[in-house]
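Visitor: Sequence:
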Amino acid sequence: MDVAGLTDCGLIRKSNQDAFYIDEKNHRFFIVADGMGGHAGGEEASRLAVEHIYQYLDAHLQELEYDPVTLLRQAFLAANEAIVEQQQQNAGRADMGTTAVVVLLDDSRDGAWCAHVGDSRIYHWRRDELRQITQDHTWIAQAVQLGSLTLEQARQHPWRHVLSQCLGREDLSQIDIQPIDLEPGDRLLLCTDGLTEELTDDVISIYLSEPNVEKAATALVHAAKNHGGRDNVTVVVVGI
0 MDVAGLTDCG LIRKSNQDAF YIDEKNHRFF IVADGMGGHA GGEEASRLAV
50 EHIYQYLDAH LQELEYDPVT LLRQAFLAAN EAIVEQQQQN AGRADMGTTA
100 VVVLLDDSRD GAWCAHVGDS RIYHWRRDEL RQITQDHTWI AQAVQLGSLT
150 LEQARQHPWR HVLSQCLGRE DLSQIDIQPI DLEPGDRLLL CTDGLTEELT
200 DDVISIYLSE PNVEKAATAL VHAAKNHGGR DNVTVVVVGI
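Start counting the sequence shown at 0; every next residue gets the next number (numbering that gives the first Met the number 0).
Be aware that one or more of the hints could be misleading.
As the list claims (entries may be wrong) - Computed cross-link-like contacts, DSS-like style, restricted to lysine-lysine with a CA-CA straight-line distance of at most 25 Å: (1) 214 to 224; (2) 214 to 24; (3) 224 to 13.
Stated by the list, open to error - Using C-beta positions, here's what the derived DEER-type ranges look like: (4) 25 to 64: 38 to 48 Å; (5) 183 to 80: 17 to 27 Å; (6) 91 to 183: 45 to 55 Å; (7) 180 to 13: 19 to 29 Å; (8) 199 to 161: 37 to 47 Å.
Honestly, the hints are just simulated from the structure, not real lab data. Computed from a predicted structure; not experimentally measured. For each residue, glycine too, the CB sits at the ideal point set by N, CA and C.
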């Protein structure tokens, strides 16, 4: 397995509110988060999410018996609790929150699972075909699903960034968890909306076809910046 991750502030923002984590030693899990709630609040929220998710997974993956769905859900709930606690302790960060996407790999069980909250995404690339695995937790994505908006209308809609779910809510009600079918040669892309706002899926697929995952990750970030770079950009590319 080859893995590469990269984050960049972009061309407009003065701070980077994205965060990511790669389990470098064992390649068991990968995390990407995109914080919100102001300069300091967004950075803190994404950092807390990544930190608590990886600590929870690292601790409980050592157990002989575990259910991947329960494990991922509890990891997200632990991160959500930590962010809510920070909100309560610091009035200036009452609106802090973050998206999060996680891929969990385990050959000894059911292969691969993913979990997400918010509009950061996971893509599955196989033989030059790209498929978005996650469904954005935004009001606009729900409108597309219901047929009220087309995909092209959604890409330009002024409310496209308004989340229906994120970490940092006492009433967190939706953590989407699903298995991923993988074959040798497949690739997974975890990314923030700083990438998907600038690049279409067709363009992303072209860059993911680069054989070297580090070059693929670098090319994706550079392409997003060349197309405007209006937001922080973070990618993790996993080659199976």
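Visitor: Look at each hint and say if it fits the structure.
Guide: Do the hints match the structure? See the list:
Straight-line distance between C-alpha atoms of residue 214 and residue 224 comes to about 15 Å, which keeps the hinted pair within the 25 Å bound. Note on residue 214 and residue 24: the hinted pairing holds, with a Cα-Cα distance of about 21 Å set against a maximum of 25 Å. Taking the CA atoms of residue 224 and residue 13, the gap is near 14 Å; set against the 25 Å cutoff, the hint holds. Checking the proposed 38 to 48 Å range against residue 25 and residue 64 shows it is violated: the Cβ atoms sit about 18 Å from each other.
Range check, residue 183 to residue 80: about 38 Å between beta-carbon atoms, so the 17 to 27 Å window is missed. The hint said 45 to 55 Å for the Cβ distance between residue 91 and residue 183, and at roughly 49 Å that hint holds. For the pair residue 180 and residue 13, the supplied restraint of 19 to 29 Å is violated, since their beta-carbon distance comes to about 41 Å. In this structure, residue 199 and residue 161 break the distance hint of 37 to 47 Å, their C-beta atoms being roughly 21 Å apart.
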